[in-house]
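Based on the hints, put chains B, C and D in the right spot on chain A.
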Amino acid sequence: MAKIDTLKEEARKLLQDGKVKYIIGYGAGSNGWPAAPLFIKQPEDVDKLIWDPTCIHNLVRFLVDEKRRKGKEKPPDKRPVGIFVKGCDSRAIVVLLQEKFIERGDVYILGISCEKAGVVDDAKLAKKLAGKKVITIEVDDENRFVLTTAGGKIEVPVEELLAERCLECRANFPVIYDVLSGEKTKRAVDKPFGSVEKIESLPVEERWAFWKEQIDKCIRCYACRSACPMCYCDECVVDSIQLAVSADTTADEKAGRIKWIQRSAAPSENMIYHLVRAIHLGGRCIDCGECERVCPLDIPLRLLNKKLEKEAKELFDYEVGFDPDLPALISSFRDDDPQDFIR
Amino acid sequence: MKRTGVFVCHCGINIAGTVDVKKVAEELAKHPGVVHSEDYVYMCSDPGQNLIEQAIKEKKLDSIVVACCSPNLHETTFRNAANRAGINSFRCEIANIREQCSWVHKDKPRATRKATKIAHSAVEKVRQNESLEPLSVPVTRRALVVGGGISGIQAALDLANSGFEVILVERSPSIGGHMIQLSETFPTLDCSQCILTPKMVEVSKHPKIKLMTYSEVQDVTGYVGNFKVKILKKPTYVDPAKCTLCDECTKVCPIVVPNEFDLGLTGRRAIYIPFPQAIPASYTLDDKNCPDISTTIACGKCADVCKPKAIDYDQKPEVIEEEVGAIIVATGFDLYEKENMAEYGFGKYPDVLDGLQFERLLSASGPTMGKILRPSDHKEPKEVVFIQCSGSRDPENHCAYCSKICCMYTAKHAMLYKHHVHDGQAYVFYIDIRSGGKGYEEFVQRTVEEDGVVYLRGKVSKIFEDKGKIVVWGMDTLTGKAIEIDADMVVLAQAMRPSKGAQELAKKFKLAMDKDGFLAEAHPKLRPVESVTSGMFLAGAAQAPKDIPEAVAQASGAAAKAVVILSQERLFHAPTVARVTNNLCTGCGMCVAVCPYDALSLKDGKAEVNEVLCEGCGTCTATCLRSAIQVKNLTQHQVAEMIEACLGG
Amino acid sequence: MAEEFEPRIVAFLCKWCSSAGSDLAGVSRMEYPPNVVPIQVMCSGSVSPLYIFSAFNKGADGVLVSGCHPGDCHYIKGNYYARRRLNLVKQLLEYIGLEPERFQMSWISAAEGTKYTQVIKDFVKELKPLGPQSKLRRTP
Amino acid sequence: MEKTLAKKDFPQWVKKLTSWKIYLPKKDAGGRWNYAEADGEDVLETRQATLPPKTILFPQNEILLEFSKSRKGNAETLEVKEVLPPAEPTVVFGVRPCEAKAAWLLDEVFASEPRDIYYWMRRENTTLVGLACTPPPSDNCFCTSVEGSPHAEEGSDILLTDLGDKYYVRSLTAKGEALINAAKGLFEEAKPEDRKKVKAVHTESEKKIQRELKGARAVSEKLKTMFDSPFWDEEAMSCLRCGICTYICPSCHCFDINDEIIDTTPLRGKRVRTWDTCQFPDFTMHSSGHNPRPDKASRLRQRLLHKFQYFVQVYDKFMCVGCGRCITMCPVGIDIIKVLEKVRDHGA
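Protein chains in written order, with our numbering: chain A, 422 to 764; chain B, 356 to 1004; chain C, 44 to 183; chain D, 83 to 430.
Just chain A, with the same shape it has in the complex (with noise of 0.2 Å):
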């Protein structure tokens, strides 16, 4: 397991010598979760700073906010942001930059290789616990878990616990930063896509069957695309209401917003509205299992997000969040690509 010892003293000068607004990273947790996101403004406060595989969040999500924000400074404090990334986070930031978002200079990156493990799917930690309490999680020399509980330590070898997007995780370690802890080893992933040809493998009215019965589940509470560091949008289009009018929003414009779907948590509706966020998320999302982590549902929509992954890939060899000067999927073509579905 990478140390971050060395990031820590990184952020505490840039702290101290006042070259970040503040920093993004992870402490420790109260909720039972032992990490949580952590703004450090202080350079005292850097010994809060904590770095196991319950880090499990994607704090470039964070970088929305304070888009928002500095939007309302006056004047705006232009300094970076420091923030910690793991390597999926940091393909959301080169998103981000591609889609002219941020630019490089308003974000610090400190980046933290998940070297050959990841970090642990709460679900499965939950059954490998059993009630337990765990106090530490850590990824000792031969590469397994040790989970310290109030009743002794559990071993586990990490592909037991790993989240399934770190199983099938392209770049474990970040792709762009400015410093980085850990080495940029990578494990080999027989199966990129195996969770997603599962679902393909089935017959269609199962799948359906399938997608229904997860999707009927949804209550609508926007979690995922709250958490979701590509849904920056400041109104999202499913919405019917206009979010980002101003003074000069004429009534026109408002008008002009579009009930794409109703405010019923109806099946169709939820449905529709998930198609939606995959569309739109088709050739952008990293696979940073957030959307489906605080999901209180637990409706599995890495899966959705990365069937598109799996054709971006396939169709049109198009590889997210590894080079910010890539045109989008979307607004980019190539003479050859595919067209046997068209008649």
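If you are wondering where the hints come from, they were derived from the structure by calculation, not from laboratory data. One or more hints might be untrue.
[What the hints assert, rightly or not] Within a straight-line C-alpha distance of at most 30 Å, the following computed DSSO-like cross-link-like pairs (lysine-lysine) qualify:
id : chain 1 : residue 1 : chain 2 : residue 2
1  : D       : K151      : A       : K493
2  : D       : K399      : A       : K545
3  : A       : K521      : B       : K987
4  : A       : K495      : A       : K462
5  : B       : K862      : A       : K521
6  : D       : K304      : B       : K357
7  : A       : K619      : A       : K537
8  : B       : K463      : D       : K154
9  : C       : K58       : C       : K168
10 : D       : K420      : A       : K549
11 : A       : K607      : A       : K537
12 : B       : K585      : B       : K597
13 : D       : K304      : A       : K462
14 : D       : K97       : D       : K304
15 : B       : K824      : B       : K703
16 : B       : K961      : A       : K488
17 : B       : K385      : D       : K273
18 : B       : K357      : A       : K680
Computed from a predicted model, the values in this text were never measured in an experiment.
Here is chains B, C and D on its own, set in the frame of chain A:
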């Protein structure tokens, strides 16, 4: 509340035969906002139009839908009628219930239901249509022509003769292009120089043409009717006004470099005139080859001998800015690079030539004064092999396309060779002969029948030198026999390529290129001289391989298209263009990337529409993740309502 | 006897090729089933995935998007974007278990009245055995 | 009325209630607990369902009325039809006492004028059978800190207490009694030793609650002074502005009302009440574009102030029952207890 009127046309029995038009009108009358709905036997007739106009006035309609034939036929008719009655023409929509309904269905109740939905959908659309007026911008009534070959010359002359000022930019020291290098032209065997030089002179003398040779376009900004161009004028170090063409300078110049005009068959000095008839008639000091001209003068000999003192070493590159309303790009072609044809010994054996080099040998003013002599030993070749499709029609190794002119000029070469060397033998290797064109097929027949040129169908597999001969191995696929010819000379009909630098130029002009690097036309059939960028036109071989008459025709076509713009005081443009909702735009730039017309750009982190360039295709709309960009009068909101209308009931 | 199921289809036709092709079918008096209600758009490139989802949501049994053949787009390249974008839509819809027959795309030129007729005939024929689309349909 | 019911007889009781629609916590295929309809294999467990039984009394989507427009000649008529919830007697078994207490809080809200008939029709037709928490269903339970307890009776019609092989059944309302009377033979009169045991179990259960917020009333007072504090900006930094904390909250009850069009020709649609939450940015959006709660900080503040200040001011009760769901389920670990403790100690 909107007040919409619906007018359902019987079109005699064309619609009423399979659609219950009365029922359609009745159904539409039930829709909220529809305050008038009627049917009539021929809406497009004068009484029909009167009926619409009257209803608009009497019922105070603010929008109308005419359910009738395809909008391609009578949209303008009814929009004009609406206009006459005092409502904006964009508040009239056509519901196509003839071509897309009554003519293709037999089941009357179902066709009626479908017609109702089509009309309903149009009602939903028209209710949200904005009243719009055509956009207009003033036009700079001058043109820029890039490239001084036959296409550029023709285009410039046509424009100038139409009364418009033209700036003709040519990057080499003289206009004339490749055509001026040719000996005689097929199929009439006119002397190329004889027919071209009068045009070149006309260009130089024309009061409306500003000729800028030895110049290159650096940058183009703006849009149709209002382009701003920056032209770099390179120094020639010779003042043409003073130069008397005495040629003393070249005699003293110590530097000799290959002569581009003769494709390296001869040499020239660092100070030179490309060819005797060059326009402008003046010398150029080639600062790439004259040593250290920018710092110290290497020898100064040319200036010393120049009596009129025409040589000025202090000339500097100049950037000239011009405003023009239309641009014609005629940057021409080059032959496929020698280096790529190593298999034919091109570049390795001096007697393996390309077609243009052979043209120079044939030319009465060429290096051999029209005698056909081998470059290696200046002997007359007795056996000459011509190889067609050298680099063309070879998708695996070279260019996939047909270069179009090689069949004809090879026939011409072989024929002219026979005319010069009566006892010589000419062989032509070919894949097949493409001689479409006026008098072309007859010309090829003459080559074979009257001049005894031997045509061998097949490809050459190997060329090598042996005992002073160039041995050509090939296969005659008609007889199946292997062929070996001990040739004295081999002439390769090299593929035509876009001229060097065309790619960078296309970038500067924001022109699209096809997969082979030729400039892309806006539509392969219907807009063959227009580029994808409004106000820019294409002429000659820059767009695709073509022969002289075709190039000239396209140049005149391009000029005519440019005149369409230049003859206007102001340009009008459909107002159904994209509009950005700034509050929703995050400035991701995806719309900018997809816009086929470069009508979108990012300004202060938001997308901005150049309405004059926007054609309203709506690709940006589908790309935007936030629905922040919409095309006026076909917004997503409108389509959403139309979808609902199509499925309702 | 119960009335035979007649699928409801929305077709997004680009103005320059496919809508013109459908006009040609009309001028040539070709016959095809009246299940399709066309919506003319400027370019297939303007067809947003939201249109497709929305059409199914509002009760379409099938959705067709038709544009110019590659290389023939009136707007140069709109259909290439459509091809990429709508391929993703199709994959996604099939993945969640919508019958693949329900969303189709075609290239129909202004000269292909016959092809338009055939595409519609085939589409209707393929949709009939599937019955009404209720998976994405808004519950009335 | 106080009775006992042998545990093995519980399924019998459920079966006898043929004229009731019955819900109880069930484990779904994914291992999650939900209030689901009885299926014949029904046992009670002290588990916390993801969503509280609020979903039954105050469903996420409630059709209020249906409308349609028709036209004869030039006369348009708009027909409006009231749609009331089905009046079917319903029982929810195994309700956590805090969840029942939340219903008691909702009663306050929906009883105020104009009385909400949609809520009350469901409420009056629903019998809540609470089950005292032994042990607490969540590590984050803190009912005892907000004037509640693991055996609270507010809102319940019956409170069951697990005594090992039997339930202690305390009926609290007529609705509760009707439920017992429907299966009279299964119940025995409660004995004094049972009563004693119940008391012990209840006392024990209170000790098992792991989380505590000291001085909730003081917090309530303190909040009055903190409206303009920059404190909220700091606390809300990690908030995602999702709606989890409020949607899964047993006592949150905000809603939105929309007209949802079914068909435009002729016009037909329904007016639907759906859950809404103060955590969504559009919740307080004015049509002018002005938003009085423009940022996450003001929305987090609203949630806490509503629960711990405004509601207390009006009803003298906390609008929080201490179930701990918002703590457990917050994706970024925002912990209401910690935040309130900071409020309490702020400036001290």
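Each hint tested on the structure:
The straight-line distance between the Cα atoms of K151(D) and K493(A) is roughly 46 Å, outside the 30 Å bound, and the hint therefore fails. Only pairs whose Cα atoms come within 30 Å are accepted, and K399(D) paired with K545(A) is rejected, the gap being roughly 39 Å. In summary, the hint linking K521(A) to K987(B) is supported, as the alpha carbons are separated by about 26 Å, within the 30 Å threshold. The straight-line distance between the Cα atoms of K495(A) and K462(A) is roughly 19 Å, inside the 30 Å bound, and the hint therefore holds.
About 23 Å separates the Cα atoms of K862(B) and K521(A), which keeps this hinted pair within 30 Å; it holds. A hinted pair counts as satisfied when its Cα atoms are at most 30 Å apart, and K304(D) with K357(B) does not qualify at roughly 55 Å. Proximity of K619(A) to K537(A) is assessed by CA-CA distance (about 24 Å); at most 30 Å being required, the pair is judged to hold. Distance hint between K463(B) and K154(D) is fulfilled; the C-alpha atoms sit about 25 Å from each other, no more than 30 Å.
Straight-line distance between C-alpha atoms of K58(C) and K168(C) comes to about 25 Å, which keeps the hinted pair within the 30 Å bound. For the hint linking K420(D) to K549(A), the alpha-carbon distance of about 28 Å falls within 30 Å, and the restraint holds. Annotation: proposed proximity of K607(A) to K537(A) holds, straight-line Cα distance about 7 Å (limit 30 Å). Among the hinted pairs, K585(B) with K597(B) is consistent with the structure: their alpha-carbon atoms are about 27 Å apart, no more than 30 Å.
Under the criterion of a C-alpha separation no larger than 30 Å, the hint pairing K304(D) with K462(A) is consistent with the structure, at around 26 Å. Of the supplied pair hints, the one linking K97(D) and K304(D) is violated, its CA atoms being roughly 51 Å apart against a limit of 30 Å. Restraint check for K824(B) and K703(B): the C-alpha separation of about 14 Å stays at or below 30 Å, so the hint holds. Distance hint between K961(B) and K488(A) is fulfilled; the C-alpha atoms sit about 15 Å from each other, no more than 30 Å.
Only pairs whose Cα atoms come within 30 Å are accepted, and K385(B) paired with K273(D) is rejected, the gap being roughly 73 Å. Of the supplied pair hints, the one linking K357(B) and K680(A) holds, its CA atoms being roughly 20 Å apart against a limit of 30 Å.
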